[in-house]
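Peer 1: Using the sequences and the accompanying hints, generate a full structural model.
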Amino acid sequence: MMRRPQRGFAYIAAVVILLLVAGVSVALVRMSGTQHSTVNQTLLGVRAGQAARAGIEWMFYRLTHDGKPAGCPDNSALVQLNDFKADTGFLVSVSCSITAQQPFNEGEKPDGTVSKKYVYRIEAVACNGGAASCIGNAGVTQPDYVERRRVATVCMTSEGSDCY
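Heads up: the sequence shown at position 148 corresponds to 265 in the numbering used here, and the numbers run straight through without jumps.
Bear in mind the hints are in silico, worked out from the structure with no lab data behind them.
Backbone N, C-alpha and C define an ideal beta-carbon position, used for all residues, glycine too.
Be aware that a few hints might be false.
Stated by the list, open to error - Label pairs and their in silico Cβ distance ranges:
#1 Val-133 / Arg-170: 54 to 62 Å
#2 His-182 / Asn-157: 33 to 41 Å
#3 Gln-197 / Leu-136: 51 to 59 Å
#4 Lys-226 / Thr-159: 48 to 56 Å
#5 Val-141 / Asn-199: 47 to 55 Å
#6 Asn-199 / Gly-224: 39 to 47 Å
#7 Ala-269 / Ser-149: 34 to 42 Å
#8 Thr-151 / Asp-204: 40 to 48 Å
#9 Tyr-262 / Ser-149: 20 to 28 Å
#10 Glu-174 / Pro-260: 27 to 35 Å
#11 Val-132 / Thr-159: 38 to 46 Å
As the list claims (entries may be wrong) - The calculated lysine to aspartate or glutamate pairs, modelled on EDC-like cross-linking and capped at a C-alpha distance of 16 Å, are:
#12 Lys-234 / Glu-223
#13 Lys-202 / Glu-264
#14 Lys-226 / Glu-240
Peer 2: If you want it as structure tokens, here you go:
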């Protein structure tokens, strides 16, 4: 009786190679999805940072143009900038406070009176959530929620100009 040579090894090798190619393909698709999500989160983070910076700039403009050097504009601790939400999709909350209880007396004006300087702390928080405020927004369930906070210190004279 004559033995037949074995056959079928090529089929097993082809199945193994197909499984390896399928595994690599699945890994590449998952990595591509993760990379897309990371890029999206980074872009949202940058936009939120810029919205918070715009809130700081808005409050600084209010400090220099409202003519109220002894207090924050509107005497409010928190201002919601709803126009930002309509324009950019980010809600911006801005707060302003005087960091020292007493103004600093520094130098003299040409008429001999004391030149007072006030130091303000401006804090802006920007987020893309659906809540009424970004501050204390603990119930966020959106997977693409982003929040950025910026803080600035501004020195103003009693005349309403910035310190030099």
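Peer 1: Now look at each hint and say whether the structure bears it out.
Peer 2: A quick look at each hint next to the structure:
1. Val-133 / Arg-170: 54 to 62 Å: Given a distance of about 56 Å, which is inside 54 to 62 Å, the answer is holds.
2. His-182 / Asn-157: 33 to 41 Å: Check passed, 37 Å falls within 33 to 41 Å.
3. Gln-197 / Leu-136: 51 to 59 Å: holds (56 Å)
4. Lys-226 / Thr-159: 48 to 56 Å: About 49 Å separates the Cβ atoms of Lys-226 and Thr-159, which means 48 to 56 Å holds.
5. Val-141 / Asn-199: 47 to 55 Å: Taking Cβ atoms as reference, Val-141 and Asn-199 lie about 49 Å apart, which means the hint holds.
6. Asn-199 / Gly-224: 39 to 47 Å: holds (40 Å)
7. Ala-269 / Ser-149: 34 to 42 Å: holds (39 Å)
8. Thr-151 / Asp-204: 40 to 48 Å: violated (31 Å)
9. Tyr-262 / Ser-149: 20 to 28 Å: holds (23 Å)
10. Glu-174 / Pro-260: 27 to 35 Å: holds (30 Å)
11. Val-132 / Thr-159: 38 to 46 Å: Holds, since Val-132 and Thr-159 (Cβ atoms, about 41 Å apart) stay within the stated range.
12. Lys-234 / Glu-223: Between Lys-234 and Glu-223 the Cα gap is close to 7 Å, so the pair holds against 16 Å.
13. Lys-202 / Glu-264: holds (13 Å)
14. Lys-226 / Glu-240: violated (31 Å)
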